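Chains as they are written, first to last, in the UniProt record's numbering: chain E, 1 to 592; chain D, 1 to 277.
No wet-lab data here; the hints were simulated from the structure.
Quick caveat, the model's predicted, so the values are computed rather than measured.
Ideal Cβ positions, reconstructed from N, Cα and C, are used throughout, including at glycine.
All clues given are correct.
Calculated cross-link-like contacts (lysine to any residue; reagent style SDA-like; alpha-carbon spacing at most 25 Å):
no.: 1; chain 1: D; residue 1: LYS239; chain 2: D; residue 2: PRO27
no.: 2; chain 1: E; residue 1: LYS450; chain 2: E; residue 2: GLY507
no.: 3; chain 1: D; residue 1: LYS67; chain 2: E; residue 2: ALA571
no.: 4; chain 1: D; residue 1: LYS177; chain 2: D; residue 2: VAL223
no.: 5; chain 1: D; residue 1: LYS67; chain 2: E; residue 2: VAL567
no.: 6; chain 1: D; residue 1: LYS239; chain 2: E; residue 2: SER491
no.: 7; chain 1: D; residue 1: LYS239; chain 2: E; residue 2: MET257
no.: 8; chain 1: D; residue 1: LYS79; chain 2: E; residue 2: VAL313
no.: 9; chain 1: E; residue 1: LYS450; chain 2: D; residue 2: LEU8
no.: 10; chain 1: D; residue 1: LYS239; chain 2: E; residue 2: GLY258
no.: 11; chain 1: D; residue 1: LYS239; chain 2: E; residue 2: HIS493
Per label pair, the in silico range of CB-to-CB distance:
no.: 12; chain 1: E; residue 1: ALA526; chain 2: D; residue 2: LEU81; range: 37 to 47 Å
no.: 13; chain 1: E; residue 1: GLN585; chain 2: D; residue 2: ARG80; range: 32 to 42 Å
no.: 14; chain 1: D; residue 1: ARG80; chain 2: E; residue 2: THR485; range: 51 to 61 Å
no.: 15; chain 1: E; residue 1: MET511; chain 2: D; residue 2: ALA114; range: 54 to 64 Å
no.: 16; chain 1: E; residue 1: LEU270; chain 2: D; residue 2: ILE216; range: 34 to 44 Å
no.: 17; chain 1: D; residue 1: VAL110; chain 2: E; residue 2: MET257; range: 30 to 40 Å
no.: 18; chain 1: E; residue 1: LYS262; chain 2: D; residue 2: ALA114; range: 29 to 39 Å
no.: 19; chain 1: E; residue 1: MET257; chain 2: D; residue 2: SER158; range: 26 to 36 Å
no.: 20; chain 1: D; residue 1: LEU5; chain 2: E; residue 2: LEU270; range: 45 to 55 Å
no.: 21; chain 1: E; residue 1: GLU572; chain 2: D; residue 2: MET1; range: 18 to 28 Å
Residues per chain are reported as follows:
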Amino acid sequence: MVDIPYEGIRSIPPAEVPDVELYHPRSWWTRYVFSQDAKVIAIQYSLTASAIGLVALVLSWLMRLQLGFPGTFSFIDANQYLQFITMHGMIMVIYLLTALFLGGFGNYLIPLMVGARDMVFPYVNMLSYWVYLLAVLVLASTFFVPGGPTGAGWTLYPPQAILSGTPGQDWGIILMMSSLILFIIGFTMGGLNYVVTVLQARTRGMTLMRLPLTVWGIFTATVMALLAFPALFVASVMLLLDRLLGTSFFMPSLVEMGTLSKYGGGSPLLFQHLFWFFGHPEVYIVALPAFGIVSDLISTHARKNIFGYRMMVWAIVAIGALSFVVWAHHMYVSGMFPQFGYFFATTTLIIAIPTAIKVYNWVLTLWRGDIHLTVPMLFALGFIITFVNGGLTGLFLGNVVVDVPLSDTMFVVAHFHMVMGVAPIMVVLGAIYHWYPKVTGRMLNDALGKFHFWVTFLGAYLIFFPMHYLGLLGVPRRYFELGDTTFIPSSAHSLNAFISVVALTVGFSQMVFLFNLAWSLFKGEASGGNPWRATTLEWQTPETPPGHGNWGKELPVVYRWAYDYSVPGAAEDFIPQNQPPRATQLIQGAAS
Amino acid sequence: MAVALILLLVAIGSVLFHLYSPWWWTPIATNWAYIDHTISITFWITGFVFVAVIAFMAYCVFRFHHKEGRRADYNPENKRLEWWLSVGTGVGVAAMLAPGLVVWHQFVTVPADATEVEVMGQQWQWSFRLPGKDGKLGTSDVRNIASDNPMGLNRDDSHAQDDVVIENGDLHLQVGKPVKVLLRSVDVLHDFYVPEFRAKMDMVPGMVTYFWITPIRTGTFDVLCAELCGAAHYQMRAKVIVDEEREYHAWLEQQKTFAELSPARAVVKTTYQSGGK
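The shape of chain E in the complex, shown without the other chains (with noise of 0.2 Å):
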């Protein structure tokens, strides 16, 4: 039994709550347009990232169904298909993962829950979606230009995604570049806004150790991506000059098609080091907000404090500054300098350790917890689980000399979209069932929630697990077809196209999703302020949904961290953060 720190009350500054100037919109335009409220912009970036993302879902079907059924469909051919596992690939992990939990949940959650009125650069703010709305329309017109989209995968790797034997060598790639290029301007500047927010805009009494962990793992992911990107705008700059202008920062003197081109002197491997400088701490820029609200997500739903949540923060800020020395862990066969394979080897199964101590303290949450198996819940245990076995399997990956055969398979294919699909999209659908009804004012329904959840868990886990088996096999990736080989049983290719009915049915399962979201909105049953009895603050506002400004009059002032659930002696099962010591009821007999 640990004591609670009501001291920190003494800490809180004097009662002034400076006016703050919020451009308050005077037209239908201003208000659903073009908002400077951070909610709207939050809730602009999610729709967009989920249209986006829903192209994507289909791009995963048109692969698997020629991965499942090879030569069945003639519509899909071997351009197509690189093109479609690299507009998958880029989708999925920028424009709508990176995207939705940054743009979409760090917008609507960082101001809610830190208890300010907007994010500080209003402004900034909604340009910041506007650019990212921008790149992502120069992203999709690359499937109406001549040659298509690029098909040099979503590593876009020199020499290829250049040269003229790469479908979308001549428009596809250019755009792709310019794409990401504008992203990157636009996450910039709502990035610099989610970061100054958390530090400058606190209301009394919020100090650092008493922010939710969804904060701390959008706040720390944030810093990351700010850290992160420029190697990728950098990359992307250079890689356009190459195409563009016949600089050879990337490639050296080669053959192009027969003949000698004009490049030399170029290192492909220096745009692999930019890429994964980027490409690794992307990887925690997804999951560090996952972990956070995931482990808001399981304090709320067991309605027992997370556990050792210092440990919590410190795992997040360490995961975060290892994630930026691993980068060359996805170069072990790349033809480096074999000798950095021991460094890095090492430094990625550090990170094993600060990321099994918060897996750790999500299980132990739920030890002698009172666990509710509400639809945000059962998203939560199924993050746990497909969190772990693609966590476990990362460590044979990051093992220099395991990976050297496992590298290029299937196996990578199913680690990667274990760990960094199926587990943060676990918890996006968690934290929109969550979050619904403080955006709308209405739950989700709790049936098709169940429904929804054990078709996609379920299904995704009967997707991605075996699949593991056939990169251990020796199935490579990103192969159009497997051809004859003498390694690969027939029963591999069954396995493949039993992989792939699941992934259409998995796929087709999330319309009931998508229907689920639009019939609540009008006829979900009303969930009042906070349905879900939880202590931080975006469930105190005098609204639901919050207005603009989000406090009305005055700004709450905080008393105690974010997980004071069931406290001994008291009367209810949690106290709101804003909830001042007096206020508290006791149960009757019980000592204050």
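Since chain E is already given, all that's left is putting chain D on it; use the hints.
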């Protein structure tokens, strides 16, 4: 309690799938069984952690799911428990990393008696080169590539003249002999991948990469490209045949050297150039 049971079944089902599914690594054909052993160790440790975490979680869901009147404990921290879990994890990580690094050391340390073989990748085919009687591979450069010199060998290098050049053919290796496989590409990234060898490495234009193996059994093995190299990536195939010593030399005798393959035209070209000036 259905939810707890399903969660537990996911863990048990995963273990059973691992044990009984027909999909497993190919029978190894080189000395890199060490890599397979390291994978096995990793499977044991991670499998144990996976089952333990999921089983604990399923038990919690079974034992502590909401009932009327249940109230959660209030238990913010437990330094001792967190400390022990961190140390235990560290030990597990070390148990995987240590053998991994030892085997990596072997992997990057080429034995002195290894003979060299060169594999060259280009969109979308493989070429091979073996040192000739002098035992040395001649130098090469992408800028030397011509229709009569597809591997870009350096004509002025005497070591290159007797090199055995194999185009659109299969590579033969001798069983039991360590070989350093030198890898290069003339256009984009490729990766020389033979599943049974376990070793693989990208081929990067502008540099020479390598790995080494000792074939331990005879047979014919598929060569695939494992690094996306454009539209026909999936069709970039060849075969490697591991022979006994006698068959290997019989095959080697039949191969043509660089000098035999393109001497005439080289002379013609030189004459023409000097005649023109």
